[in-house]
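J.: Sequence:
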Amino acid sequence: MSRYQFSVGSIFPRCLTVCLYLWTSYVSLTRINQIWYKFLVSVDVFLVAIGLYTYYKVIITGPGSPLDYDTIKVYDMQAVESGAELPPEFLSRRSITTKRDGRFRVCRTCHVWKPDRCHHCSRCDKCILKMDHHCPWFPGCIGFNNQRFFIQYLLYATTYSIVIFLFSSIQLLHWFNTKQYEVELIDFHLLSVWLLGVAVSVSLSFFTGFSIYQVTKNQTTVEMHIYRRYREELEILADTCGSINPNRDNAYDLGSTMNNWKDLMGERWIEWLFPIDTSRAKKNRNTLDHKGLYFELRGDINGRILDNMNLQDRLLRRLTPRSSIDQ
Numbered sequence: 001m002s003r004y005q006f007s008v009g010s011i012f013p014r015c016l017t018v019c020l021y022l023w024t025s026y027v028s029l030t031r032i033n034q035i036w037y038k039f040l041v042s043v044d045v046f047l048v049a050i051g052l053y054t055y056y057k058v059i060i061t062g063p064g065s066p067l068d069y070d071t072i073k074v075y076d077m078q079a080v081e082s083g084a085e086l087p088p089e090f091l092s093r094r095s096i097t098t099k100r101d102g103r104f105r106v107c108r109t110c111h112v113w114k115p116d117r118c119h120h121c122s123r124c125d126k127c128i129l130k131m132d133h134h135c136p137w138f139p140g141c142i143g144f145n146n147q148r149f150f151i152q153y154l155l156y157a158t159t160y161s162i163v164i165f166l167f168s169s170i171q172l173l174h175w176f177n178t179k180q181y182e183v184e185l186i187d188f189h190l191l192s193v194w195l196l197g198v199a200v201s202v203s204l205s206f207f208t209g210f211s212i213y214q215v216t217k218n219q220t221t222v223e224m225h226i227y228r229r230y231r232e233e234l235e236i237l238a239d240t241c242g243s244i245n246p247n248r249d250n251a252y253d254l255g256s257t258m259n260n261w262k263d264l265m266g267e268r269w270i271e272w273l274f275p276i277d278t279s280r281a282k283k284n285r286n287t288l289d290h291k292g293l294y295f296e297l298r299g300d301i302n303g304r305i306l307d308n309m310n311l312q313d314r315l316l317r318r319l320t321p322r323s324s325i326d327q
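Using the UniProt record's numbering, the first residue of the sequence shown is number 1, and each one after it goes up by one.
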């Protein structure tokens, strides 16, 4: 029974999204005649095709999880609790979020070490790398691997809804201005598409704007909601590193809107506009860089924090020489 419910919960929003695209496209192409038809078809087909492609790109790519990497799996939770099993050095020396006792974060459900910005999603029942939020429209989590495609999809969907609203408005205005209402009823299919265009354009515009704002701040939705806990984690580092202001913007803010935007969306404008692999992703394909396991930090604290974490990591490993990580 639970498997059936899960299947319905996964399939329904995807089918609904496809149906809304196809239905609004069909109504627009068959009911709108006040716009040059070749232009109407070109714009409509392009936005529907790239929108649906990017929608499924978000789903197929997935957010990414620590479970995808054998090197950060936990083999013995009791050993972790006793301090006999430690995370790999590449992770512990480049991570800034720890527990109150100074130990590295671990997920007891997934049995993995939790990198910075990683959180366990109760809906997906697994840890998600750089988790932004769980979106019921896909359905699934938006995280490190698919956040860029998610932003692109929002831009495509917002553009499509605005275009459909404008095109249907032109057709309805023509119907009203020529007083066709005196001889025929309004086209209810076109009217429903217009109403849908109004609602979706307004709601998506606000949500897309908010999501882009988060990208320019290099901040996830989860981090926005747990900012108090995040500040406490920075305060722990401030006690040891010194001269770190936990009240300032988050440590992942790279100093400018453009730097933060490029960190997620890519270096070139073509990577911003189209759902293709970024040059950075191709370059780091065979490395652990830019895989969501660690992140570049704000310039003014990057060196101090990483030096401090390296020192703490060496001291901790010296105190636990039988760490399973060295075996």
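Certain hints may be false.
[Unchecked claim] Derived BS3-like pairs (lysine-lysine); straight-line CA-CA distance at most 27 Å:
hint, residue 1, residue 2
1, Lys-262, Lys-73
2, Lys-57, Lys-283
3, Lys-282, Lys-179
4, Lys-38, Lys-73
5, Lys-73, Lys-282
6, Lys-99, Lys-262
7, Lys-262, Lys-217
8, Lys-217, Lys-283
9, Lys-282, Lys-217
10, Lys-99, Lys-126
11, Lys-99, Lys-282
12, Lys-291, Lys-57
13, Lys-283, Lys-262
14, Lys-57, Lys-282
15, Lys-57, Lys-126
16, Lys-262, Lys-282
17, Lys-126, Lys-291
18, Lys-179, Lys-126
19, Lys-57, Lys-217
20, Lys-99, Lys-283
21, Lys-217, Lys-179
22, Lys-73, Lys-217
For the record, the hints were derived by calculation from the structure and aren't laboratory data.
Quick caveat, the model's predicted, so the values are computed rather than measured.
J.: What's the verdict on Lys-282 and Lys-217, does the C-alpha distance respect the 27 Å limit or exceed it?
T.: holds, 25 Å
J.: Run the distance test for Lys-217 versus Lys-283: straight-line Cα separation, threshold 27 Å.
T.: holds, 25 Å
J.: Would the hint linking Lys-179 and Lys-126 be met if the CA-CA limit is 27 Å?
T.: Answer violated: Lys-179 to Lys-126 is near 59 Å, above 27 Å.
J.: Does the structure keep Lys-99 and Lys-126 at a Cα separation of 27 Å or less?
T.: holds, 19 Å
J.: For the pair supplied as a hint, Lys-57 and Lys-283, is the alpha-carbon distance within the 27 Å limit?
T.: holds, 21 Å
J.: Keeping to a limit of 27 Å between CA atoms, is the pair of Lys-262 and Lys-282 held or broken?
T.: holds, 15 Å
J.: Does the alpha-carbon distance linking Lys-73 and Lys-282 stay inside the 27 Å limit?
T.: Holds. Lys-73 to Lys-282 sits at ~25 Å (cutoff 27 Å).
J.: Given the hinted pair Lys-283 and Lys-262, is their Cα-Cα distance within 27 Å?
T.: Since the Cα atoms of Lys-283 and Lys-262 sit roughly 15 Å apart, the hinted pair holds (cutoff 27 Å).
J.: Taking only the CA atoms, is the gap from Lys-99 to Lys-262 under or equal to 27 Å?
T.: violated, 30 Å
J.: Is the hinted pair Lys-57 and Lys-126 satisfied, with a Cα-Cα distance of at most 27 Å?
T.: holds, 20 Å
J.: Holds or violated: Lys-262 with Lys-73, Cα cutoff 27 Å?
T.: With Cα atoms ~30 Å apart, Lys-262 and Lys-73 exceed 27 Å; violated.
J.: Please work out if Lys-38 and Lys-73 have their alpha carbons no farther apart than 27 Å.
T.: violated, 55 Å
In summary, the numbered hints that this structure violates are 1, 3, 4, 6, 11, 18, 20, 21, 22.
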